[in-house]
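Visitor: These protein sequence lines are chains V and D, in that order.
Counted from 1, the first sequence has number 1 at position 1 by our numbering; the numbering is strictly sequential.
Counted from 1, the second sequence has number 293 at position 293 by our numbering; the numbering is strictly sequential.
Calculated from the structure, these hints are not laboratory results.
Among the hints, erroneous ones may be present.
What the hints assert, rightly or not - Taking lysine to aspartate or glutamate pairs in the DMTMM-like style, the calculated list, with each CA pair at most 25 Å apart, reads:
1. D/K275 - D/D307
2. D/K120 - D/D71
3. V/K43 - D/D243
4. D/K390 - V/D52
5. V/K81 - D/D243
6. D/K88 - D/D243
7. D/K268 - D/E102
8. V/K97 - D/D146
9. D/K392 - V/E85
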Amino acid sequence: MKKARVILLAAASMGSGLALQASAEDANLGRNLAATCVTCHGKNATATGTLDGMAKDQLVQTMKAFKSGARPATLMHQLAKGYTEQQVELIAEYFSKQKAK
Amino acid sequence: MAHAYDRRDFIKFLAAGAATGALAGCATTAQMQKPVGRVIVIGAGYGGAATAKYIRMWSGGRIEVFLIDRDAQFVSCPMSNLVLGGSKKIEDITVSYAGLREHGVQVLRDEVTGIDTAKKMVKLTRIQDLPYDRLVLSPGIDFMYDQIPGLNNADAQKAILHAWKAGPETVALRKQLEAMRDGGVYVLSVPKSPYRCPPGPYERACQVASYFKQAKPKSKVLILDANPDIVSKKGLFLKAWGDRYKGMIDYHHTQEAKDVDVRTMTVKTDFDSFKADVLNVIPQQKAAGIAAKAGIVNANNRWCSVDWLTMQSTANPDIHVLGDATLSAPAMPKSGAMANQQAKVCAAGVVALMTGQAVNQTPVMINTCYSFVSDKEAVHVASVHNYDAKDKTFKTVPGSGGLSTAASELEGMYGWAWAQNIWADTLG
Numbered sequence: 001m002k003k004a005r006v007i008l009l010a011a012a013s014m015g016s017g018l019a020l021q022a023s024a025e026d027a028n029l030g031r032n033l034a035a036t037c038v039t040c041h042g043k044n045a046t047a048t049g050t051l052d053g054m055a056k057d058q059l060v061q062t063m064k065a066f067k068s069g070a071r072p073a074t075l076m077h078q079l080a081k082g083y084t085e086q087q088v089e090l091i092a093e094y095f096s097k098q099k100a101k
Numbered sequence: 001m002a003h004a005y006d007r008r009d010f011i012k013f014l015a016a017g018a019a020t021g022a023l024a025g026c027a028t029t030a031q032m033q034k035p036v037g038r039v040i041v042i043g044a045g046y047g048g049a050a051t052a053k054y055i056r057m058w059s060g061g062r063i064e065v066f067l068i069d070r071d072a073q074f075v076s077c078p079m080s081n082l083v084l085g086g087s088k089k090i091e092d093i094t095v096s097y098a099g100l101r102e103h104g105v106q107v108l109r110d111e112v113t114g115i116d117t118a119k120k121m122v123k124l125t126r127i128q129d130l131p132y133d134r135l136v137l138s139p140g141i142d143f144m145y146d147q148i149p150g151l152n153n154a155d156a157q158k159a160i161l162h163a164w165k166a167g168p169e170t171v172a173l174r175k176q177l178e179a180m181r182d183g184g185v186y187v188l189s190v191p192k193s194p195y196r197c198p199p200g201p202y203e204r205a206c207q208v209a210s211y212f213k214q215a216k217p218k219s220k221v222l223i224l225d226a227n228p229d230i231v232s233k234k235g236l237f238l239k240a241w242g243d244r245y246k247g248m249i250d251y252h253h254t255q256e257a258k259d260v261d262v263r264t265m266t267v268k269t270d271f272d273s274f275k276a277d278v279l280n281v282i283p284q285q286k287a288a289g290i291a292a293k294a295g296i297v298n299a300n301n302r303w304c305s306v307d308w309l310t311m312q313s314t315a316n317p318d319i320h321v322l323g324d325a326t327l328s329a330p331a332m333p334k335s336g337a338m339a340n341q342q343a344k345v346c347a348a349g350v351v352a353l354m355t356g357q358a359v360n361q362t363p364v365m366i367n368t369c370y371s372f373v374s375d376k377e378a379v380h381v382a383s384v385h386n387y388d389a390k391d392k393t394f395k396t397v398p399g400s401g402g403l404s405t406a407a408s409e410l411e412g413m414y415g416w417a418w419a420q421n422i423w424a425d426t427l428g
């Protein structure tokens, strides 16, 4: 098993070293972007709710609805407009992989 | 252990199960156990506490983190005006550092007396000098008392408070307000921008007026603003003053406090003198003294310039600096929320630099700031800030951000939740 994984990894890194590097950076980019949300949406967030474990599509759609005004808000519509679709994708991907409490 | 702790701190350190070097029992791989150095964070406010926690989290416990503060507990500046208004007590805005210890942050209560940047050592009073690989300063602000001669001594500063660092002065100012006669005048002097918490003075005026309205309705609030206009949330504050506190709040622009007379409780500007029953002067501010000792105050002899990708000082790449002490980016307020966001850019930068990862070239920060216009109703301002590679600074994202349409109890509920949530993120 272990040997197979090493070979696979080696093949992957030879074939697409750049892609691997990019995905490694993206891993931190998602984490870093999500951290901007955690100020108000941490694990035990009160009133606002945590984003940990939220399905990726649900978060993406919610942010779209805030952005378009379809979902009314006091504040989130103003913040949603500050993130690109790609950034929201990364954020949603990251939170979908966090364990809900 | 190569470094000197006192016995009590060492026991705490063991109890916290700090995952460093040989002490790490729970790390799953040799890679995770391998320590990659030590960071000392000075200042355990919104910026420093969050930086310490996130370095521990994002390094997987591989970076040893000391967090040093002269105070035993965290007292929040945001929400501290509610203590003046009387709807909250100082205990409600005080949080322990116990949560950080669970992340393996070694919290030390001590006074930093100096920094040897050549030897990379921090000098302390309770324990021996502590060496670091990288230093993080989140020192907050000091007041420029030399700008107000009559206030430039300890006795005057006991009588005329700033209450612009939450803690004993917050409680003392509340006592002054409680002791004031009905029909008295509370004078609030606002310094020239930039200062800590742009909407804070105007929120304070609301909170004091809210208290007067309930307890001493003949009393008045007089705002003397050094600025040519209300600095933040102008329309929302003017509405609150007109609707809720009609005839109680008097606002004067371009009235900078140039001197005070403690004996008569008088504040002097270039144009007038104003006598107060309770005089609350918020002096101009600069990066706290330890920043000057570290040699990183390099903007207008007042603030610290930073590389915004990592929060490294432009004067010394071994030192990161964040929070109110920095020379702010355009449209970036000196706020607790901003310090929390800067902390995450700083922590990501520290971990990247110490573990050989690439530094994030596209960081984002947001600001969410609530002001209470009464005991229950609040208003907010929000903004999103992107790094601009060409100008090497953060800029607000066009079309994003904004203000409340009106004050509401719903936003008051969100405002108090904001505090619980940011305290949990920063200290939990």
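Visitor: Are the hints correct? Go through all of them and say.
Guide: Going through the hints against the structure:
no.	hint	in the structure
1	D/K275 - D/D307	violated (45 Å)
2	D/K120 - D/D71	holds (24 Å)
3	V/K43 - D/D243	violated (38 Å)
4	D/K390 - V/D52	violated (34 Å)
5	V/K81 - D/D243	violated (31 Å)
6	D/K88 - D/D243	holds (23 Å)
7	D/K268 - D/E102	violated (50 Å)
8	V/K97 - D/D146	violated (54 Å)
9	D/K392 - V/E85	holds (23 Å)
Hint check: violations occur at hints 1, 3, 4, 5, 7 and 8; the rest are consistent with the structure.
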